[in-house]
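> In case you want the letters, here they are:
2 protein chains.
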Amino acid sequence: MRVVVPFAAADPKTRLESLLTSTERSRLARAMLADVVETVVETGHEVVIVSTTPLEKANLDLEGHVLESVTIEVDERSLSDAVNARLPAGDGREVDVRHGPNDAVGVVMADLALATTDALEGLFGADGDVVVAPGRGGGTNALVIRHPEFRVDYHGASYLDHCEAATAVGATLEAVDSFRLGTDVDEPEDLVEVLVHGSASNRTLTCLRRLGFELERSSGRVGVTRDEPSSVE
Amino acid sequence: MRVVVPFAAADPKTRLESLLTSTERSRLARAMLADVVETVVETGHEVVIVSTTPLEKANLDLEGHVLESVTIEVDERSLSDAVNARLPAGDGREVDVRHGPNDAVGVVMADLALATTDALEGLFGADGDVVVAPGRGGGTNALVIRHPEFRVDYHGASYLDHCEAATAVGATLEAVDSFRLGTDVDEPEDLVEVLVHGSASNRTLTCLRRLGFELERSSGRVGVTRDEPSSVE
Chain A
414 MRVVVPFAAA
424 DPKTRLESLL
434 TSTERSRLAR
444 AMLADVVETV
454 VETGHEVVIV
464 STTPLEKANL
474 DLEGHVLESV
484 TIEVDERSLS
494 DAVNARLPAG
504 DGREVDVRHG
514 PNDAVGVVMA
524 DLALATTDAL
534 EGLFGADGDV
544 VVAPGRGGGT
554 NALVIRHPEF
564 RVDYHGASYL
574 DHCEAATAVG
584 ATLEAVDSFR
594 LGTDVDEPED
604 LVEVLVHGSA
614 SNRTLTCLRR
624 LGFELERSSG
634 RVGVTRDEPS
644 SVE
Chain B
414 MRVVVPFAAA
424 DPKTRLESLL
434 TSTERSRLAR
444 AMLADVVETV
454 VETGHEVVIV
464 STTPLEKANL
474 DLEGHVLESV
484 TIEVDERSLS
494 DAVNARLPAG
504 DGREVDVRHG
514 PNDAVGVVMA
524 DLALATTDAL
534 EGLFGADGDV
544 VVAPGRGGGT
554 NALVIRHPEF
564 RVDYHGASYL
574 DHCEAATAVG
584 ATLEAVDSFR
594 LGTDVDEPED
604 LVEVLVHGSA
614 SNRTLTCLRR
624 LGFELERSSG
634 RVGVTRDEPS
644 SVE
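Taken in order, these protein sequences are the chains called A and B.
For what it's worth, our numbering labels the leading residue of the first sequence as 414, then goes sequentially.
For what it's worth, our numbering labels the leading residue of the second sequence as 414, then goes sequentially.
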């Protein structure tokens, strides 16, 4: 399966600007991208990073054997347009009504820093012409699309829109129940999830720790604290 | 398996007081309790509701065949103390080192309004002396405990504390990856999750709609709006 990982390279993660400079947000976004791409490749699938601006493979924190399964395409269009162009029969390609599993396309957001191979295998292996992993707040964090007429629309309550769009084209729909795929790292409180659930080898966790973030566990509720970063830039 | 569902009956859900009166919060809490209890019973397990104040079965919005699998116990102690008293070898009962599956105890929070039988079967069926379903922000939303020396402590970052406590007593640990079990309804933004993911038969969703809540989908982000409630009290 081809798995599209859209990546907004310019000024990413603006909802974290109360905590992080633009440079720091870029570092964090790239750490998350590398975590996501490596995990997808570990499930045996090909990754197409669709970046809004040019991106060098050499600048990705990934080993050579992982990069062999990765291509980078630049697409300045909106998220939805860029994804739709890469779906089965996207960009005006002829619809093949005999579409099979080889025509399936996965779409995994680049900020699912806690995605594991188990969670992604649950997504990729689920039945359904359209398989969707919801995010918090009505978002869509990951999809598998096997139906030639389905198109994405990430604006607003996209999870419900995608469910309705699947029904509208007669596609069978399956929702995947995953805390890890449901956790996209957008808001300050999402950093807590990385600090709690990130594995020792998680680049995103390492990045946050280098930037000085730690879990605050002494009070009744859990938060993050930030000390002087141990490395700046 | 006995499944303990702790229920704070007096002045519940105070973090929703910006949106709901005390009476409304009680209604919502009871709707969630009924959803959770019915779903657990549908998985074939016995439920022990451990309530901080007396609670009548007749006042639960549950059908007779469900209530047959439900008992209510009143316990004024703290959440952790009340749960620990009901674990294998709790309250000073002798530790049976030959403890088997019959001694397993489940603990499911009463505000997991989106729990489904699939999600709960994933929890109850997971291997591990201790099985834990994390909530957002480092919380613990559900547990299965098969080890006689494990004790809960819900204060603070309880998910990490429970992982460490399992390791400390030599128990094997399994984490369950579930968006639905990860969603406890505590904060205003959690209401969005019920409005997005609640099924047609979900009491919590029905309760919120009767209180006038609807999804706000017109803007870029998803929120809730509240009209005049269609029924007050």
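Worth flagging that the hints you see were computed from the coordinates, not collected in a lab.
Worth double-checking, as some hints may not be accurate.
[Claimed, not checked] A short, non-exhaustive set of chain B residues, derived as facing chain A with CB atoms under 8 Å:
#1 P547
#2 A570
#3 Y572
#4 A578
A virtual CB, placed ideally from N, CA and C, is assigned to each residue, including glycine.
> With reference to the structure, classify each hint as holding or not holding.
So, going through the hints one by one against the coordinates:
{"no.": "1", "hint": "P547", "in the structure": "6 Å, holds"}
{"no.": "2", "hint": "A570", "in the structure": "4 Å, holds"}
{"no.": "3", "hint": "Y572", "in the structure": "6 Å, holds"}
{"no.": "4", "hint": "A578", "in the structure": "14 Å, violated"}
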